[in-house]
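So the sequence lines, in the order shown, correspond to chains A and B. For reference, each letter of the first sequence is one residue, going 1 to 667 in the numbering used here. For reference, each letter of the second sequence is one residue, going 1001 to 1293 in the numbering used here.
Calculated from the structure, these hints are not laboratory results. All residues carry an ideal CB built from backbone N, CA and C; glycine is no exception. One should not assume that every hint holds.
Short derived list, chain A residues pointing at chain B, Cβ under 10 angstroms [claimed, not checked]: (1) Asn39; (2) Asp43; (3) Gly256; (4) His257; (5) Thr278; (6) Val472; (7) Leu473; (8) Leu479; (9) Ser480; (10) Gly482; (11) Val586; (12) Val590; (13) Arg593.
Derived CB-CB ranges, DEER-like [stated by the list, open to error]: (14) B:Ser1091 - A:Pro549: 22 to 30 angstroms; (15) A:Leu506 - B:Asn1139: 43 to 51 angstroms; (16) A:Lys38 - B:Asn1139: 52 to 60 angstroms.
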Amino acid sequence: MGLLSLGTPLSWDEAKPLADLIRERGIDQLLKIWEKAKNKERDILLWGDEIEYLVVSYDEDVKDALLSLRQAEILKDLAHDEELRKAGGCVPSLQEINPKAGQRVPTFHAEYGRFMLEATPGAPYGGTLKDLLTVEPDMRKRRVIAKQHMAKNETPITMTSFPRLGVPGIFTNPYYPPHGPIARSIFVPDEIINPHIRFPTLTANIRSRRGSKVCINMPVYYDEKTPRPFHDPTVLYDLSDYPEDDDVRKGAAKEGHVYMDAMGFGMGSCCLQITFQTKNIGEARTLYDQLCPLGPIMLALSAASPIFKGYLTDVDCRWNVISRAVDDRTDEERGLKPLKDNKYVIPKSRYDSVSTYISQDPAFRSEYNDVDVHQNLVLKQKLLDGGMDELLARHFAHLFIRDPLVIFSESVKNFNIGQNDNFENIQSTNWQHMRFKPPPSAEDAIGWRVEFRSMEVQLTDFENAAFSIFIVLLTRTILSYGLNFYIPISKVNENMETAHLRNSVLSERFYFRKQVFPPRHSNRSSKGTVSPNSGQSIPNTPKVLELGPVDEEYCLMTIDEIMNGQPIPDGFPGLISLIESYLNSVNVDVETRCELARYLDLIRKRSKGTWETAATWIRNFVRNHPKYEKNSQVNSQVNYDLIKAAETLGNGNGKGTELWKGLFEQR
Amino acid sequence: MTPVPSTAVFSTGNIITTGRTIATLEKSNQELINSLRQNLKEAPEPRRNQKIDSLSSPTAQAGIAPWVQQKNGYLYIPGPTEPAGLSEERSEYDITVKLFYLPGVPVSDRCNHTRAALDYVLEELHVTSIDLLIVSFPNISFDAEDLSLNKEPSDEEVDEWIQTYRTLESLHSSGKIMRIGLAEFGVPRLSKILPNTRIKPSVDQINVRDCCVVPKPLIHFAKEHKIELLTHNDCTNILPSSSLQHLFQEDSTPFANFGRIDPQWVIKYTAVIQDRGVVENKGYFANIKIELE
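So here's chain B without its partners, still in its complex pose (with noise of 0.2 angstroms):
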């Protein structure tokens, strides 16, 4: 059989309610495979060793649905509860999403990656927007000490910024973010990008690993541009591809059979209840091109 490719879209649900197998609590990256392990452990068991494209068929066994689903074209495997959306009013929360555009995929793709992505959280979260959307782009890391070599961006990097937060602010235009944020942007990359910007940055979000060396010119420059400074604990490859093959092979998921596999994006989301500090619905989806046999 030759390899078809396909695009696959991986939910964890919500993984504050649906409670954790394992004691330790993780880095983003491990937090993610870890719930897409325990999604597909938790596969119906007749469907664990079946093939893709019988199991999203019509014509799987009748009265229950189907596991893999086909959605837009896609692969989509859910999470393992009904997604039930918010249980109060959209106004008590603070929805924030942050998207993670993976190495190795064309900047041309990435308009339609988060419109795409910000649609299953939407859809996930029973929401028509949400309060900030946050972007990392690949390879660039905030390191504190780093930033003391003032290393420029180069013309094409800023180039490629600009044109993905050209999509960023016609989201803001249509409604459907309310505050745009960054990650990882030093001095020197926001002095490029801000020139560029309609809707201004409200957020850049950093990782301080060893908090409290936030270098001086970041928080004046923040402050001066109206940009909060956010700290964060993701890593800087989400979702490796190594994992994935890992993953994939364990346990005999219907995944086994996989050729080249393409992690596209990871899209994270958090809803907290403001006036109570509780974080009500937290997860992840990934886009994963795979090569099936």
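The shape of chain A in the complex, shown without the other chains (with noise of 0.2 angstroms):
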């Protein structure tokens, strides 16, 4: 969630005059790490994960699963264990982290839902094959601990979004009423936010930035007995305690949809994020670029979000009901009324899908950045004035359109070029499904470095290992071949939407790039060769590569094709076969080739669809069970069932088990 500045946060009508000056000192620190660190040269690939938990409480008596709202008092026990804290200690917003040589014990943070954790490495991966083997290892650790500072009936679980997260009732330990004054939501309470003052002043302030309260429909997935036409029975219409209570009068809830009106329903949702140190600049940029086409691809790949506020839904992640849970645009700039008190249109919210490639690499086309792409251009042109290039500069420019959500007074008082936070403000509440990080100006030991955000949860940690290790593989193989993925961003953007498509992983095609090597470049054809078109001898010029039109580039594949390959000779090989030639080029030791095998096995039968997605597990469980009403709902029984065998598969067990069987066994 980036930065937790301590202070006093300025409420949305104290922030708004100040944004100008936020995001200008926030471009001053920016060059000033870009100048520092723009030569930085070398830097070792190291990487890390994060992994986002629910964590659940069982109520045994009546078997209903809750959310657990103990994120504090459980990270507080993380804090105090006195074997963790000789080890080095694992909760860094609470005490000082003192890494000892040679260990890596997990680190602990508090998350947006006061019902989630994340837990991270602590040290980052190194850069061997052999480093790829602790991965799993170290994600169970990170369960394990979790649990063990739990209350008894309490538990993590790796699930993308909690199924009864705002249904009517009770759905969290302890209960707290829906409906108060800072997220004004129908469904949900506000002690379901972090207390850490940052967040519920971010949720205050995107609703008062935005005018009303957030607003997302998530297609209903109509069942044997849900009712035709759906209206959503969960919606008050009648409440006048806010005047964000006529947003459903004015038509907020749309007819065959789920409707949802909290920031809690999106950043409640738990991620599997990757990010990289890369060894310079330019190899920061290339790889954002080059994984940018992926995020849509290991976002259906990784599906893990049927159900939401209790309905079965349409759609399979989780990425949408995000974006628009945090979507602070106020009507003006979502297009809905003339431009009067705002400067733009902006077509996307502020978690969204990329909207500009940044490498300025020989592969990179100018027609790829086909989407349009709002700028601050005053903060552009003081970045090309501190000599940033154009394509880095339109990047931040877009970034920094937004206002900043959370100010402190104290940050505004005490104004440091030094340092990052006016820049992280804007950087760090921009969620795009890649994120391009310069280094913190404080640490200069570290580099540019990219996320990947894409990637929903999984439900077991071999699942969650196999994702990442993915990745970076893939990572090393487009550094060693100079893979190409590029094709249009408006594309990835439609891929994006793509993704989401119940079952998209089998029954959708994806835009991708069809010739991902780099052209053979010769020096010696170009060297007293008669050039075909000129009939003129160029000597010593390198041949001008002749592009042919940017549509014939790439063509609509299905995720099976783009994973395992299409027919032979002349079909795009497969990114699991290119990961594979690039292990055949390395030196690779028996049982690590062996253990990454397993790895690459799941990513292969997902794609075929012979193991199945976490989305349609999860749907098929519900459908499948004896108590569900095939009227889309997700009862408390269904729920329960459903978590407990979510918990069994995280924990490692049920091997063989019918549950096993859905996610790993062929069908």
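Hey, can you piece these two chains together into the complex? The hints should help.
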């Protein structure tokens, strides 16, 4: 969630007039970092994953699974664990972390939802293939340690969205009534928000800036007995505590959809994110661009969230829910009213797909940046004047059209150009599916990084490790072969929408590049050869590559084709065989190769449909449950069994059971 | 005209950066032959049909470097780009080289072949030493199931290996190679060769086709003798004469009018930036005896 500065936060009315100041200071800080780090070279590969957990609390008397709101107590307990403290500590927000050489103690962090925990490996993984084998055990360790510091009836599960978040009645332990003053939600209480002042402020200021509550409508999944037309029966139309209670009377809740109205529905979701350190700024820009088209593909392949607010929906992914849950754009900015008080019509939420590529690689063609990108032109000029190139300046000028949402009065008074707080204020509240991360100004040791953000968290550590490792291996393969995955960014955005569709992993096709190898360049063939077009000899000039139309560079492929390849000889070879070809070019010991084969096999089988996505598995679990009434509703009994099953699988148990078979056995 | 026996060394150049024209990813023998094919295809147009001797003569057209060069008494066919060496400090790299001794080549030639082959790699990468040299002997393959038979290698075979191994040890002593590796050695073969080595092999590279069926005895043996078991995906026959014949006949290459073809050795090299796991340079050299008309 970015930085957790302490201090006195400003309300939206107080913050608004300071927006330009914060942005300007942020750009000054960025320029300072960029100036200092743009020539930083030869940083090694370090990487890490972030896994988010839901903390579930069982009420065994009535067989219910609820969200525990004891995040703070659990973190405190983790910080007080003597053994973990001796080993270096594991809660950075509560204690000083003193990592001991050779030891890696996982670290735990608070997240937006008060029912969430985030855990990271503590120290990054190294760049060798052997290091990859430590990922799954590390994830396992995190889960075990987290569980040890919870109450007996609590457990951490890695499920992307809690099925019954926001249902009428009890879904948290302890219970709080909804409709508090911060979120003003019909469905969720303010008490689900992490009480650290940053989070309620963020929630309230998004709502205030927008001028209404956030509005999320996900299409309902019509089952046999789902009423048609479907009007979300949990929406309350006659409340009148806040001006925002008007939202639903003005038609916020759409027919045929499950309606949600609070940031918690999105930011209460759990994801799997991977961050890499790159050797220099150029490599970071390359990887940012090359992984960008993979974002939607990996979203579809990791799909794990078919249920929202107690209903089966017709989507498999969380992404758009979060996107809408933090959408702070005003009516004017969303193009609903003519511009009067605002500067721009902004086509996307702050949480959305990437809109602009940033690399200066020869493979990049300006045609790929085919989406209108609004930019803060004043700040862009400042970046250009500071020596930054057009593409990168464009990227940051695009992020900096957004307003700072949380401003602490202390940070306004104490501006230090040598820090990055103002920069991060904007940067870390732009939640795109890739994030380009400059080194933090304070720590020179850390290099340029790229974060891959689209994946949903998986039910088991095996899967989470497999997805993380797949992405790491893919980056090594991209860099070794100089692979080119560019397609127009508008197609990446379309893919992102496609990825949400139910069972998109098997039933949809995605835009993907056909020819991914770099063009063969031979300095010999340029010498004294006769150019076929001009008939003239052009000695010692590089052959100008003739580029065909961009539209012919890509086509629609299934995820099976993208991962496992198209028929030879001319088809796309498939990402897995590209990775295997990379592995065949480096020294890999027998044990590592066998383990990596297991992980690649998961990706292979997922893409083929041999194994189910968590989304399909969850959907089928619900639909086959004897207490499910075939009306799209996930009642507390079904939910209880589902959460128990997720726990069993997450703990690595249940091998050979029906549960396990769904996820990991041939259908 | 009577056939002239020549030895030609073909370089693929860096096949990582020169890109590929085919989408499929190949086994190493296809990778090698396809890279050579690509290289011959891109030969400067006017030369394609010329005789080798006129190509390599110093009177080749002014201003254009001869494509086929005379080098150390061989014909040398360079890769598509000038070897640029490594982009970072030498210490950043792990350079692994694998030398394939080919069937039918006298064992007595291996010493010279090894030194010559390694020198091509050193020159290509602009380095003075490599980290690991793995040697692959002809006609042996690792098959997990065969091992249950515990087939003992013949004394003759073992003698040949030891004779070759002496060359590796001397290259090690001279500092040109840091570690020695063997390929396709199961326990019986390892037990025979180990007592006869001064510099112990650090690596045994095996082709684990269907991964995870490495025999337990080999794992224990390797552990005990501090030998790292590495995997590879190379073919037993890295450069079959038949594929070469096909290749030379295609598109009237300068080698179209060949007589006998005898591949002598193949060497594969890979330079990996260790801390980043990035393969920066990978390529092959192949030494082929050709009777030319």
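Inset, instruction - Of all the hints given earlier, name the ones this structure violates by number, lowest first. - result: As far as the earlier hints go, 1, 3, 4 and 14 are violated by this structure, in ascending order.
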